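One line per chain: the protein sequences are G and H, in this order.
Each number in my numbering corresponds to the 1-based position in the first sequence with 970 added.
Each number in my numbering corresponds to the 1-based position in the second sequence with 249 added.
Calculated directly from the structure, the hints in this document are not laboratory data.
Nothing here was measured: the structure is a model prediction, and the numbers come from that model.
Note that CB positions come from ideal geometry on N, CA and C, so glycine has one too.
Treat the hints with care, since some could be wrong.
[To be verified] Chain H stretches covered by chain G per the calculated footprint, using a threshold of three residues with CB under 8 Å from any CB of chain G:
1) 475-483
2) 568-578
[Said to hold, decoys possible] Here are some chain G residues the structure puts well away from chain H; computed CB gaps all over 12 Å:
3) H1055
4) D1144
5) G1169
6) N1178
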Amino acid sequence: MSNAKLPPVIELRDLKKRYGVGDAEHFALEGINLTIKKGEFISIMGPSGCGKTTLLNILGLLDRSTDGEYLLDGVSVDKQSDSRHARIRSTQIGIIFQSFNLIHRLNVITNVALPLAYKGVPRIKRLQQASNILKTFHLSEREYYMPWQLSGGQMQRVAIARALVNDPSIILADEPTGNLDSRSSHIIMEELSDLHKRGNTIIMVTHNPDLTTYASRVIQMIDGTIASDTADYRSQEKVGAKIPLDAHHVPATILPAGNKKLRKTTVRKKKAGKK
Amino acid sequence: MRFMLVEHIGNAIQTLRSNGSRTVLTTVGVAIGVASITAILALSGGVQSIIKDQVDTLGGAIAVVRPETHQNRADIANSLTQQTFNTSTLTEEDVTNVEKLPGISAVAPLMLINSSLKTSSNTVKGGTILATTPSFAEVTTLDIRDGQFIDSVTNRDTAVLGSQLSVDLFGTDQSIGQTFSTRGQTFTVIGVLKPDGDPINFNNVDLNNAAIISLESGKSFHRGVAQLQQIDIKADSTAALPEAVDKATAVIKENHNGENDFSIISGAAIAEPTNRLFTILTSVMTAVAAISLVVGGIGIMNIMLVGVAERTREIGLRKSVGASNANIVGQFLVEALIISLLGGVFGYLGGYLLAFLTSTFLTFDPSFSWQVAAVAIGTSLLIGLIFGIYPALRAARKDPIESLRQYH
């Protein structure tokens, strides 16, 4: 999937984030340069405290950089107001969290429809769209369940549906499988992989090296800088646009229970730690 | 923006319902404050409409002449000035001259005398004696229970008693033919009034406790000169009243050598001196009730702050899926406003319930007016706004990243 001709979705130029002042000053990001094209599935790896979550927060416009430039869809967002950022979040960005963050008072379909409310979509239309997207995740019969009646994997799929419902240009995922067992993890990764195949841009932060196999590009971060980027490697080696993935073409939700190969590789690597 | 409002309302109802008991308790806090204000306003409105109603039942064509004294303008803190003891400037000549004017159907002078009333076996101290003319019956509603009212034939040394006074003097309200004496003169009872429910009226006389005698008899207590506190004028019709008042003013002014030492008031203004006291009373009581409303408001703020703290993650999430600060402020403010509005509505209903229960012990009914409803709903919304804005702003100021990290 080569998108060389399309404009980059995200362009970061010397992005810096500083916390604290004086003695306590500390850079969480020390000059990140990154270009993300439409349709990439990026996995950001790195030890705790390397700044990967900070980077994701800035990409999601939940936080602001101290220095440098961030172009989203070719537009610099650094000087934009908070309310403009809120509007961009509601139209262009979908975020998936480690802890799902469903609102427990609201049923599944209302949770999924939530982003559309801030986009100004009327209620009935909102529920229709939410229902449609839940159908693609095979959760139609769970529409009126409450979140606590679902399993972890189901909750995360609902959360993914919510991130997708407003048809965002980028999807950000902060350790989306961090709270799930390996089986659910793979179902979720299949979903994300599926989204990727449908042309969505996904940026995922993870601790789990196994999951990087789903990504089209892997970025290693250390101490607020990018240590390695498979895209650079690829351009040097003139390898094809995509790292060969292990070919899971199984539909996400009906992952066969007996897929021993999948299970073996992941059961060993229980998630190392939480951020 | 209108669309978001609908959204916020739906959201707030959802939240309030899921925290049912909490919502009810907070609402009750506001409702108590609103109820007390509503009850006070309804009852005081009832009092103030009594006199107006009395004038209205007489066709609304009533005007009263009162001497202009400084007392009328005296403040409540210093009501006992020397002017209090002035003699009235109204004279019997004023009455006879006004009577002659066209467009006026009846004129009644009122001369009040305070005096002890004695029978052979009983004494009522400080009784009220009203000396007037037979036309008094025309300018005010009088129901004779037994006997007759004073008239031009039987006007010497006869009296009509209020029913309560009759009981106080003779131990019965069947006192026709009995005699009593006051200031050395003996009077025969020729009539007894029906018990009248309203001690508050535009004559400022509690007829229940008064003895009505003729003006001639009254003058004899005052060296043959009438000492009138008030003259009641009844015009032929409501339409003729303004003209009648103008003419009467001119005539009386002439009698008083051009001095404007009296005032003729009609319509709603008749009730004003009485109402002034009630207005002061009402505002004092309302101020006390407003304190409970503030307490209710603090309850709202308290519960909203709890709600904001509890829903920190939800706030973070809503922000991350695209809610702006204004959206968050709106959501929490609407929630506070709904609580206070519910309190306002239930307080209004409860207030009237309270007012009607109270009025069974009183001589008047609570009054209904849109002003009371507007005050009840308006103040409750104001309370919701004042005490809801701070929690809402606090919710909106939350940092989405920090909020989402809570309880991880």
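Of the numbered hints stated previously, which ones are contradicted by the structure, given in increasing order?
1, 3 and 4
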